[in-house]
Amino acid sequence: MISNLVSIMPEVLMTIFGLILIAIDVMTRKNSKSGVGYFGIFFIVLAVLASIPVGGFKIFGFGQTLVWDMYSFAFFCVFAIAYILTTIGSVDYLRDRDILKGEFYIITFFSIVGMMFMVSATDLAVLYAGMETMAISMYILAGFEKKNLKSNEAGLKYFIIGAFSSAIFLFGLSYIYGYTGSTKYAEIAYMIKSNGLNNFNIKIGMVMMLAGLAFKISAVPFHMWAPDVYNGAPTPATGFMTVAPKAAAMGAIVRFAWVALEPAAQQWQLFFSILAVLTMTYGNLVALAQNNVKRMLAYSAISHAGYMLIGVVSMNELGYQAIAFYTFVYAFMNIGAFTILSLMKNRGIIEDERLESFAGLGKKYPLISLAMLIFMFSLAGIPPLAGFMGKFYIFTSAIKSGVIWLAIVGVINSVIACYYYMRVTIFMYFKEAEYDVTVDMRPASFIASLIAVIFVLVIGVFPSFFMDIVKFMIV
Amino acid sequence: MMENILSILIFFPIIAAVFILIFSKSGKFAMWSAFVASVIEFILTIPLMTNFDKGQAGMQFVERYYWIRALNVDYYLGVDGISILMVFLTTFLSAIAILGSFTYIQKRQKEFYVSMLVLEAAMVGVFCALDFFLFYIFWEAMLIPMYLIIGVWGGQRRVYAAVKFFLYTLAGSVFMMLAIIALYFKYGSMTGEYTFDILKISAMGARFPLEFQIIVFLAFFFGFAIKVPMFPFHTWLPDAHVEAPTAGSVILAGVLLKMGTYGFLRFCLPITPIASIKFVPLIAILSVIAIIYGGLVAMVQEDVKKLVAYSSVSHMGFVTLGIYAFNQSGIEGGILQMFNHGIITGALFLLIGLIYERTHTRLIADYGGIAAKVPVYATVFLIFTMGSVALPSMGGFIGEFLVLVGAFKAFPTYAGLAALGVIVSAVYMLWMYQRVFFQSVNPKLHHLEDMTVREVFYMIPLIIVVFWTGLYPETFTSYMHESVKALVEQINAVSVAMK
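Residue numbers (our numbering), protein chains in the order written: chain A, 1363 to 1837; chain B, 930 to 1428.
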């Protein structure tokens, strides 16, 4: 009984806090809705502090359907970081577009509850419930800017394809249940161990289920929704959507692969490595051709999912640690980049986020450009920035498990990727301004990008703190 | 202080850069404080040189602290007889390059000097790092400031050149990264100790299996050959050199190219000795091609800067040839040639830069007969032309001579071909000198002004060093005798065992 409560305590805590947030939203005046977000930050920090598992802590609940351990906690930290940065960074953007509503922060907050369930689930039904909670929140976030057609389109598109992928996931789940007689990871593993994976039905089930998850991390060929949704959604929401749900789905895949597929791990290597290669390569090649930075970052988000998948392919502990570490790093650099992107205002005839808007920015706004330069080179994986540490960790895991060819594909991809990140810096520093662009840096966004810059630099030089968080996690 | 001297050398420029970034309000202030910082940095290397024990082959001034425990990465620094000369070259050329940029850099001076100082810190770091991870960080970190230096302050096609430089180098080094990770696990599985310690891994070198050595060697080779640059990988160099501002070219030619050959010495030879021996013919052929081909291409250039850039390809060929001779004189000659090439080519780029500031052209055809107009300039230029041609009594001569002596012992045919390169270099340098300084005077250049006091001031140390290495090279070679000896013995032991 106690263990049930303890295992679900963080989620319960988050739900209660979420409900309090709704109450706070009702009580705040229309023009101070950002307060809801700040309360959210306070609550999420409280929740994180209250749910730190002590070393080696691993507690199952509700008949092994849910677990709270260092692994869940590490991912919870990623979600919390994404929430904090997005909240602070979004205030100015939302206010400018007159969509500064408490719901933005509340929905993001509740989506995190879903993500926590995804990562701590050891049962497919729980995983599905968490995934839906997250996904529905994301549909709303994507369409949050209701007077903008593109945002509406993003919401609708995301909803339709998301519902589709959920259905595929459920369909696969039914096959697995039919074959193994259980939805619990441990029992699925047991069945696979004793009966092998050679049954056609379970293979179909697995592939469909994993495809459903692959939708969530926007892995190629399940990525079709991603560019449009990321492009159409309000920019801060995109920052959040490229980081937190991806981390959650990654966490879920890793736990599923590590616990349920463990007896047949080797057989799944090929499946995941094909997914990884396609995702990296496609994301990067298409990103090369983009002239809109937001869209470019959307494709780059796809390719980053590919790098993370290398960690899954590695099928060793180092790989899982690498994925968790990578999501930390990615949260800081990607949300940082999106925060700056959300502040760009082009008074010319082209869209705010076009590459040309960045022309000559280095001269006009040296500090903002420097921050953007740091984010871009970090995303490209150039040391001594955090992105490099993440990639290094990923490639280390791949080489450790002997999939050297995949590591080679990975590094070639990161060289290709480097070019499109560099294009932003080329425009910022090497070109003269073409349009009248203003970057209105107000305190909130300034703090958000400053935090992101500091962490990108600090993790790059002293990664030990975050590496220790992921090092002690046991799946 | 002496026990932390290497850290001080690495972090002092960074602190200075941050100081300039925060406090500098005017370009002039940034310029002078960067110059003062780089001079202090150079002065700091003098106690390093004087306190260095030349009788020892091993690492000195070692510093070691835990850094990333999860991966057993240490902050581990040290210098031996080979790297200490490179550190000296770096701080020496950086100070001169900064002084040489005072009038050349007219826009966004603050950012320029910050980039230069950060670059200097990373370069010193590359030569001092004894941990693979740390080495790789410095190696890559160098790219960002250099990319900005070429891209912001460069010439017409600067964006193209900067991107090409960046991507080429990155492509080479990511494979090196994979090789480093592979070494980490191989060493770990062989000894049970997972470490990025370069010295420990080097000591194991001979015991790595052959196929593994070949793969690692090729990965390293790819990274270093691009940096040197060796023959088929050299195409980034003319673009980067020509488009970079003067200081950028000086640092590129003077220090960055040396990192490739330094990498061969520090990593390929000790860590993959068997593969290195197996690949000697390949490297020797590529070196000879670089020497001759680089020289011939230099001969037909119309742009002086491009000519010097291609001459770098040729001169660096001598370095790789010397290193792969695997004997004392070859390797010492190679290192000395690295040093001399840094000084001489750096000086030539500075000279080209300062005349370009006056005339805004670098085409040989636009000059002619200026020796009478600018006698001091012509004299200084002649000194370094002769240095580049390897005239006896100049540094270049000793280096190339030792390389050829070493190469003749190891592979007489290639050495013979390489010797032709010396003649080729005389042809293109002297012909260029003749067309620029003699013959009929171009009427547009009647008002050409001679070198200013500042310009003479920064050329003097270069002139002193180039004669010093030419007349008494022992000052510099004495540092490397023991380290090179240890390296040669290690390689010889392997090659004896192979037979």
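Hints were generated in silico from the structure; no laboratory data involved.
Since this is a predicted model, take the numbers as computed values, not measurements.
Be careful, since some hints might not be right.
To be verified - Below, in silico cross-link-like pairs of lysine-lysine (DSSO-like), each with a Cα-Cα straight-line distance of 30 Å or less:
(1) K1725(A) / K954(B)
(2) K1039(B) / K954(B)
(3) K1428(B) / K1725(A)
(4) K1093(B) / K1115(B)
(5) K1414(B) / K1726(A)
What the hints assert, rightly or not - Heads up, incomplete: computed chain B residues facing chain A, CB under 7 Å, no partners named:
(6) E1069
(7) F1114
(8) V1351
(9) A1355
(10) V1425
Each residue gets a CB set at the ideal place from its N, CA and C atoms; glycine is no exception.
Hints, verified against the model:
Pair hint K1725(A) plus K954(B) holds up; C-alpha atoms about 15 Å apart against a cutoff of 30 Å. Note on K1039(B) and K954(B): the hinted pairing holds, with a Cα-Cα distance of about 8 Å set against a maximum of 30 Å. At roughly 63 Å between alpha-carbon atoms, K1428(B) and K1725(A) are farther apart than 30 Å, so this suggested pair is violated. Proximity of K1093(B) to K1115(B) is assessed by CA-CA distance (about 33 Å); at most 30 Å being required, the pair is judged violated.
For the suggested pair K1414(B) and K1726(A), the alpha carbons sit about 55 Å apart, so the restraint of at most 30 Å is broken. Hint status for E1069(B) relative to chain A: holds, with the closest Cβ pair at about 5 Å, below 7 Å. Evaluation of the F1114(B) hint against chain A yields a held restraint, the C-beta minimum of about 6 Å falling below 7 Å. With a cut of 7 Å, the hint placing V1351(B) at the interface with chain A is violated, because the nearest CB-to-CB distance is about 37 Å.
Interface restraint check: A1355(B) against chain A, minimum CB-CB distance 39 Å, threshold 7 Å, status violated. The interface hint given for V1425(B) is broken, as the beta carbon of that residue sits about 32 Å from the closest beta carbon of chain A, more than 7 Å.
The structure shown violates the earlier hints numbered 3, 4, 5, 8, 9, 10.
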